[in-house]
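Q: Generate the whole structure from the sequences, applying the supplied hints.
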Amino acid sequence: MTQIHVTATVNGDPVEFLCDPRETLLDVLRDRLGLTGTKEGCGTGDCGACSVTLGGRVVCSCLVLGAEADGAEIGTVEGMADSETLHPLQRKFIEHAALQCGICTPGILVAAKNLLERTPNPTETEVRYWLAGNLCRCTGYDKIVQAVMDAAEEMREIP
Amino acid sequence: MALDDTRITGFKVVGTRPDRPDGLDKVTGRAKYGADATAPGMLFGAIVRSPHAHARILGIDTSRAEAMHEVKAVVTRADFAPGLTGENLNVLENVMAGEKALYDGHAVAAVAATTALAARDAARLVEVEYEILPHVTDVDAAMEEGAPVIRADAADGSVPEGMHPNVVRYHESGHGNVDEGFAEADLVIEEHFTTEATHQGYIEPHACLATLGADGKGDLWCSTQGHWIAQKTCAALLGLEQSALRVTASEIGGGFGGKTTVFIEPVALALSRKTSRPVKIVMSRSEVFRATGPTSSTSMDVRIGMKKDGTITAGQGVFRLQGGAFPGAPMEFTAMCAFAPYNLKHVHQVGYDVICNRPKQAAYRAPGSPMAAFAVESVIDELCNRLGLDPIEVRLKNGSKEGTKASFGPTWDRIGLIETLEAARDHPHYSAPLNEGEGRGVSCGFWFNHAGETSVTLALSEDGTVQLMVGTPDIGGSRASMAIMAAEELGVPYDRVRVTVADTASLGYNDVSHGSRVTYASGLATIQAARDTIRKLCGRAAAKWGIDPEAVEWRDGCAVPSGPNAGEFDPMPIADIAARMGRTGGPIVGHYEVTPEGAGVSFATHIVDAAVDRETGATEVSRYTVVQDAGKAIHPSYVEGQYQGGAAQGIGWALNEEYVYGDDGRLQNPGFLDYRIPVASDLPMIDTVIVEVPNPGHPYGVRGVGETSICPPLAAIANAVSNAAGVRMRDLPMRPARVLEALQDRTGE
Ligand code: FES
Ligand code: FES
Chain L
1 MTQIHVTATV
11 NGDPVEFLCD
21 PRETLLDVLR
31 DRLGLTGTKE
41 GCGTGDCGAC
51 SVTLGGRVVC
61 SCLVLGAEAD
71 GAEIGTVEGM
81 ADSETLHPLQ
91 RKFIEHAALQ
101 CGICTPGILV
111 AAKNLLERTP
121 NPTETEVRYW
131 LAGNLCRCTG
141 YDKIVQAVMD
151 AAEEMREIP
Chain D
1 MALDDTRITG
11 FKVVGTRPDR
21 PDGLDKVTGR
31 AKYGADATAP
41 GMLFGAIVRS
51 PHAHARILGI
61 DTSRAEAMHE
71 VKAVVTRADF
81 APGLTGENLN
91 VLENVMAGEK
101 ALYDGHAVAA
111 VAATTALAAR
121 DAARLVEVEY
131 EILPHVTDVD
141 AAMEEGAPVI
151 RADAADGSVP
161 EGMHPNVVRY
171 HESGHGNVDE
181 GFAEADLVIE
191 EHFTTEATHQ
201 GYIEPHACLA
211 TLGADGKGDL
221 WCSTQGHWIA
231 QKTCAALLGL
241 EQSALRVTAS
251 EIGGGFGGKT
261 TVFIEPVALA
271 LSRKTSRPVK
281 IVMSRSEVFR
291 ATGPTSSTSM
301 DVRIGMKKDG
311 TITAGQGVFR
321 LQGGAFPGAP
331 MEFTAMCAFA
341 PYNLKHVHQV
351 GYDVICNRPK
361 QAAYRAPGSP
371 MAAFAVESVI
381 DELCNRLGLD
391 PIEVRLKNGS
401 KEGTKASFGP
411 TWDRIGLIET
421 LEAARDHPHY
431 SAPLNEGEGR
441 GVSCGFWFNH
451 AGETSVTLAL
461 SEDGTVQLMV
471 GTPDIGGSRA
481 SMAIMAAEEL
491 GVPYDRVRVT
501 VADTASLGYN
511 DVSHGSRVTY
521 ASGLATIQAA
531 RDTIRKLCGR
541 AAAKWGIDPE
551 AVEWRDGCAV
561 PSGPNAGEFD
571 PMPIADIAAR
581 MGRTGGPIVG
591 HYEVTPEGAG
601 VSFATHIVDA
611 AVDRETGATE
621 VSRYTVVQDA
631 GKAIHPSYVE
641 GQYQGGAAQG
651 IGWALNEEYV
661 YGDDGRLQNP
671 GFLDYRIPVA
681 SDLPMIDTVI
691 VEVPNPGHPY
701 GVRGVGETSI
711 CPPLAAIANA
721 VSNAAGVRMR
731 DLPMRPARVL
741 EALQDRTGE
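In order, the protein sequences belong to chains L and D.
Just so you know, we're using the numbering used here here: the first sequence kicks off at 1 and counts up by one.
Just so you know, we're using the numbering used here here: the second sequence kicks off at 1 and counts up by one.
Read the hints as simulated data drawn from the structure, not as lab findings.
Glycine included, C-beta positions come from ideal geometry on N, C-alpha and C.
There could be a bad hint or two in this list.
To be clear about the criterion: a stretch of chain D counts as covered by chain L if any three or more of its residues have a C-beta under 8 Å from a C-beta of chain L, and this derived list gives those stretches [what the hints assert, rightly or not]: (1) 31 to 37; (2) 474 to 486; (3) 665 to 676.
Between beta-carbon pairs, the in silico distance windows are [stated by the list, open to error]: (4) D:Arg30 x L:Glu73: 53 to 61 Å; (5) L:Glu124 x D:Glu87: 43 to 51 Å; (6) D:Asn435 x L:Thr7: 52 to 60 Å; (7) L:Glu73 x D:Asp19: 45 to 53 Å; (8) D:Ala505 x L:Thr7: 43 to 51 Å; (9) L:Glu73 x D:His69: 35 to 43 Å; (10) L:Arg57 x D:Asp19: 26 to 34 Å; (11) L:Glu124 x D:Asp495: 28 to 36 Å; (12) D:Ala67 x L:Glu73: 52 to 60 Å; (13) L:Arg57 x D:Asp495: 36 to 44 Å; (14) L:Thr123 x D:Gly15: 27 to 35 Å; (15) D:Gln668 x L:Glu124: 30 to 38 Å.
A: Given below as structure tokens:
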């Protein structure tokens, strides 16, 4: 099948790739660009492990075609830390033991970062509903919610 | 130095909450899970699965698939080792069907192609001719006369005569005379309960990358809870020598018991052998649901007698579990756990392992126990309600303790059930007033915990830092606990210990990360490997000082002379000894190999408040408290995490999750949309209380904590919902329609 040529920006870097018309953005990120931090838990938009930002909005990359990403700005977990400095959310997730197996973590971090960019002072309920599309089977979400709230507080103090 | 049995108190590192060593990798996306590996020249595998619940395979035509130029190989059952017996045969039969497809989703063939898309296309071109056979998916129906026979000779000698061939194993245990006990009771309640099959629901689907050459030597990378069992099983299924296959465990994205066996790994190896190229297989979510092990569904009858003062006079249970098309439903665990929390004079339990046309069940967190607790603890709650007794006081009155005889035989060692009940009773949650429409439920739960073969190596680096190699995949922060225990013993800072999960070629055999055994058994071996290292360190210091090794002690990371004749020397730090080790006798390495005894059982008590919406039947869990005995919490955050995670899975099991089969025997809901696990907005914060009643079988008192946390929730939530709704809920899940129906039955609407 003829491959499609796509150019996009991933975590600020220009990228170029060929992809099959049926390949998803998730497939492209993982298999063509080597960015395996974004995970596949279901491939049907139900788990959020594949969450990335596309033009500033959180999307399930398994529901976006690679070809659709042409010209888009994409953000993944690999772009969260500023070189050596972790994003406060990343630090707080480690500190609060908000991951057990860690497979849900990249998607949750991407989604939570997007939440805090929009809502710097979320309530517990807002955090829970914002993350309702990101499944975690290990933690019961308790420590995840606490880590997000704590990161939000720290980010408000040090703008 | 008699270090072997030393029990430390006054911990320095144990009980603290340092950052986990693999945290950075896991928050940056760097950690490599099963599907994250690639190899040059790699092919992609895809599996052809039966759409029928029960069918004879008449023929497989692979010609159209093979005609695709991207396709490099197709394998069927003929590509695996012949002549297997016992569990190896069962696993092979499950991994690749032989004469019959036994459930919807059963693998019948597999292809390898140059791209994942081509592999999937090719799988659709494999033509299988089936003769459809009658099927059965319900446990009670499968036991009935006239039910389709799934596998003729699957039953073992334990099954009483006259039972349907689908009953493949039987268990009976207990003591006393239950009839006598029931005669002493003021009230006897007998109820029938059912639970549906649920899936472990790990977010990472099974994934592997296999390389196997014509010389019979291979490498396997896979997401597994136990790479030695994967090595052993794959070697058997492929007809290889065990040591010829090196298995590396990837980071693992959840398992909960479901990754303690193999599914795609032998298939990838077979495809690799046929193509001489690396083959990667990653399951889709629907494959995970249809073809990997969910837990058993159950049908249970429980009868309990109680006196007016709350004394339980007798308990009796019959537990029927289906485990899919293969023997192995954990009915003996259900039976043994059922009355374990209680000190009963008269108790009797029976279990049936029943096969039907569903995927082979796999272990799921305390396999068999949560269902038992659901039935027993519901009846106890009903007895308390009718006799007007406090549910915690009744449990305290009848609770098992050190020296009492367990319902399944042994006499209890030091156990912590009573302590969890007392802590629950004294917790503010238990005395907090309920809101309108809410009910409160309490339940206890029990799990045995497991020890298993364990092997650990600890090597010193020249700069005095420590490399610890364990063989138990880190499924939820165990590297942190291992580093803590090594640091505690050696007297070095926590972050000087680097923990690696070694591959099968680098360490002796290690049992699977299951049975809540990792912190207990790998922890025990880590402590002993550190003590072995310390003996060697002290020996080097003694040689240097020219004194007897017995006169050297290890204190705060240094060798120090001790005893009246040791002489006066400055403490010798670990780094100094390490720097000179090449010249003083060679590398310093400690190790320990063991199958420990004394895993130390664990009990928990949970309290739940739940509100039931009378119009929709929907349940909201409004408050949840877990109280559990950890023996000793090495890293309390990860202990709490296990408590919370188990409770959350229990909430899903109690309220939403179930395998739904159609009349055609096909699974109706193989995806997270229709098989709904709890999401963040479904749950409250989950409060935890860590009780520490030391396990005499571990140097620090550790008991495993991973599994017990899922034992009480089904019953605790059912009790809360029943109390809120004013009607006893005996069937799980308590989905809204079911609760609504129960409410309507009660009010006669
Ligand atoms: S993989 Fe995209 S939502 Fe699950
Ligand atoms: S930490 Fe395992 S799924 Fe979230």
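Q: Does each hint fit the structure? Answer for all of them.
A: Each hint tested on the structure:
1. 31 to 37: holds (count 5)
2. 474 to 486: holds (count 3)
3. 665 to 676: Check passed, 3 qualifying residues.
4. D:Arg30 x L:Glu73: 53 to 61 Å: Violated: the Cβ-Cβ distance is about 22 Å, outside 53 to 61 Å.
5. L:Glu124 x D:Glu87: 43 to 51 Å: holds, 47 Å
6. D:Asn435 x L:Thr7: 52 to 60 Å: holds, 57 Å
7. L:Glu73 x D:Asp19: 45 to 53 Å: Because 32 Å falls outside the window, the suggested range is violated.
8. D:Ala505 x L:Thr7: 43 to 51 Å: holds, 44 Å
9. L:Glu73 x D:His69: 35 to 43 Å: holds, 37 Å
10. L:Arg57 x D:Asp19: 26 to 34 Å: Given range 26 to 34 Å: holds, Cβ gap about 32 Å.
11. L:Glu124 x D:Asp495: 28 to 36 Å: The hint (28 to 36 Å, Cβ to Cβ) holds, given that Glu124 of chain L and Asp495 of chain D are roughly 33 Å apart.
12. D:Ala67 x L:Glu73: 52 to 60 Å: Violated, at about 43 Å.
13. L:Arg57 x D:Asp495: 36 to 44 Å: Holds, at about 39 Å.
14. L:Thr123 x D:Gly15: 27 to 35 Å: With a Cβ separation near 33 Å, Thr123 of chain L and Gly15 of chain D satisfy 27 to 35 Å, so the hint holds.
15. D:Gln668 x L:Glu124: 30 to 38 Å: holds, 35 Å
Taken one by one, the earlier hints fail for this structure at numbers 4, 7 and 12, listed in ascending order.
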